[in-house]
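Peer 1: Spelled out, the chains give:
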Amino acid sequence: MRVIFRKSYVQDIQLFRDRGQAFWYLLFAAIALAAPLFLDGYFLDELSFVFIYAIAGLGLMVLTGFSGQVSFGQAAFVAIGAYTHTILLTRYSVPWLLSLPIAALVAGLVGLAVGRICGKMHGLYLAIATLSIAIVTERLIGGAGDFTGGHRGLSVPEINILGLAIDESWKVYLLNFVIFVGCILIVRNLTRTRSGRAMIAIRDSEVSARALGTNVAFFKAYAFFISAVFAGLAGGLLAHAFFYITPETFGMGESIRLLLMIVVGGIGTIHGAVFGAFFIVLLPTVLSWVKIVLPSAVATSGGFDSLAFGLILLGFILFEPDGLYGRWTKIHHYFNVFPMYKKRSFQRQKTFLKTERLR
Amino acid sequence: MTALSFADAMQLFVVGLSQGCLYSLIAIGLVLVYKATEQVNFAQGEFMMLGAFVGYQFIVLMGMPYWLGAMLTLVFMGAFGYGVEALVVRRLTGQPVFTVFILTLALGIALRAVAGIIWGFGNYSLPAPVDGNLTLGPVIISWASVLSIVVTAVVASALYLFFRYARQGVAMQALSLNQLAAFYMGIPVKRLTSSIWAMSAIFGGIAGLLLGPMTLVSTQMGFIGFKAFAGAIVGGFGSIPGAVIGCLLIGVTEPFFDIMFPTLKGIGAYLIMFLVLLIRPQGLLAQIYAKKV
Amino acid sequence: MNGLEIDNVSLSFGGLKAVDGLSFSVEPGSVFTIIGPNGAGKSTVFNLICRIYDPSQGDIRFNGKSLRKAKSHEVINHGIARTFQNIELFEHASLLDNLLIGRIRHGKFGPLSELFFTRSQMRQELAHRRKAEEIIEFLDLEGYRHARVADLPYGVRKKTEMARALVSEPKILLLDEPSSGLTSEETDDTAFVIEDIREVLGVTVVMIEHDMKLVNKVSDMVLAINEGRFLASGSASEVQSDPDVQAAYLGGQAA
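Residue numbers (this note's numbering), protein chains in the order written: chain X, 776 to 1134; chain B, 249 to 541; chain Z, -15 to 239.
Be aware that one or more of the hints could be misleading.
Stated by the list, open to error - Covered stretches of chain Z (in silico footprint by chain X; criterion: 3 or more residues with CB under 8 angstroms from a CB of chain X, positions within the stretch not fixed):
id, segment
1, 56 to 66
2, 72 to 86
3, 108 to 121
4, 220 to 226
If you're looking for bench data, these hints aren't it; they were derived computationally from the structure.
The structure displayed is predicted, hence computed values, not measured ones.
For every residue, glycine included, the Cβ atom is placed at its ideal position computed from N, Cα and C.
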């Protein structure tokens, strides 16, 4: 087992825990940057989706994983970002570099408003309130007629940055990757500063957060804002990846999928959002390999994918509630302390029902 | 927009009332489970869908007489609900409510997929136990709608009496207040919790059998469950009378809303819920209290 | 006047008077203990000071300034920090993070410098980290710095909560039953800690406590209340020999 000797306070604050960790992350980044050299277009497109979903997931992680506000409506902000971006590009010929941040900001401001309204709600009430926001947003976009293209949808132009056309898979991939890394750094910075800690405080105990000077309503709304900005950003990028957007693309089902994604990845961690995005984007591909060996009656049935998704999720909740990242840390720990691994180090306490009707 | 005649308004009101009753039946199932265990079953809509499909299996595919098929459906649903609690949900006792949200969402996804694999993803028609319409002056209402109103009234009052007078009902109330204390008082907590899930699944089944003839049976019919959620929240989640009132409110206002704003069809329920939450953040009959420190 | 003043404060829940015309004041630099039987309204007094409840009448002042206009998250800006009877820690965060959350009142909201982690942000974080380390050392919590709070033993959690209140650099510290649930060794330890908080850090301590041994050891002033009303005050021995107090504890009618 490796022990970290801390010689200065900076070690608790800096980006990477130690040199070893920095090495691994930089190696991953280098491989990811070089990926277009050895992966074909299909996989690059898939990975682009992973990055975009991870950005939306990071946003949701800030909201649900850090500030503890369950949102069933993240897709609404993705939709707002996607539509704002597309409409700005096509109708007002706003340059891409300007249009994407505006889209993210518009989504963020809507999120801020929602956060102000929903700040007093908890648990189930918040879940259903955000769910209705997703449903209402979808319906409003669909009902807005020509401006949003209604239910017929809108086609999305190619990305064009200062006259440079991002028209091939590898270019899109690299663009998405850079934005994705930027987003991770921002969330990481949030977690090591005051606002991020305030959110954690609110998640774990509102009473003592208040007693220590946290303006709970403010930071709840701020979490909504950040989360919606990320969602809006992801929306803008997603619009390009889909080429064509309709309100149904960002329906209630998509919101729930995003939430389930961060749960599978591991709630409350940055890694969780990324792992979850890999899971949700690559699952259909993996399942299509699995189907080859299955009897055709099962494989061709329309429900197979969602059944597998549902069952995997059930498995995670029952046996590995910390998600993929939790599993990863356990495996990591196993090899670190080999052969002294104890199951007990990660055991959950057995408890009777704790009421959450008291707030 | 043209003004509604009184007869049209009455017609809409009755349609909304029967729709609201169906929401109530689903919501009662939700609230029952929540009251006793604080678990929120996001798969309640899918329970209803399953009830409708099982009824379709017995009555249409196997050709059983209606009432026999319906009885068997409810028996199946009871066993199903019991099993779901005993085998799956129980493992999460004491975990935060969020975990149960995710569990039941996943369960809902899996149930939709299973139903699709077994019965297909199309729309199927389920017969109603009673045919024809009832004419009351200018208002025409199908007997099936009347039945759903009557059944809801019966179920709601039966539940009220059950919780007030029956030994089991009182035990369930004790369970909802303090699980550990109830356990020490000799209440069979595990069996009782499973029974509550069974009851809740049965109400879902009843709702499915009543809704099936009106909308056709499909894997998508469970999404109506979210409107029941909205209704239950309007009433203050956790109170059965509140849930019924909230669902009726939503059911009755919905058709009027849809006629007034045709482009926004289908979201009236949620807007009403928002309106209520803005005025009374805990719903009409509050069930959440400030934590004591 | 300096110090904490509770001036004729009342609060009722429905028909029940939880606090009834209560007045007392706490001298700066002293250890002030509130005792009383269960349900006497002791924690309610803390909750009133921390603005969790709004009194129906009366005023609460600290260093001459009224707290009645403050929101509950602004109370700490006056220099009033507290602990809770049943430990309200941030369970899923590390001990260090819990203490850093205690520094929230000493930071300003700056979204850009936070999200891009500027140099001045780094300097701020280092200052917080240093202060947290001071308190960790002060309370002997070195071994638990990076442990998740939910995994810590009860006594350590209790201490962590005290540490979290102290990193906010309060002028006055409200301790709600600091010894409940502790072993007798840990209780003895708590007595030394409370004395150190006053002597070394110069923080006024107001505590609610049942353990008379601890009360006798550290208190400069004791106040006994029952059913939200004043019973007696004075030194620990004076209050304990008061007939009204004895009657209240034995459950009899006060003479």
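Peer 1: Would you mind marking each hint as holding or not holding in the structure?
Peer 2: Verification of the hints:
no., hint, verdict
1, 56 to 66, "holds (count 8)"
2, 72 to 86, "holds (count 11)"
3, 108 to 121, "holds (count 5)"
4, 220 to 226, "violated (count 0)"
Hint compliance for this structure: hint 4 alone is broken.
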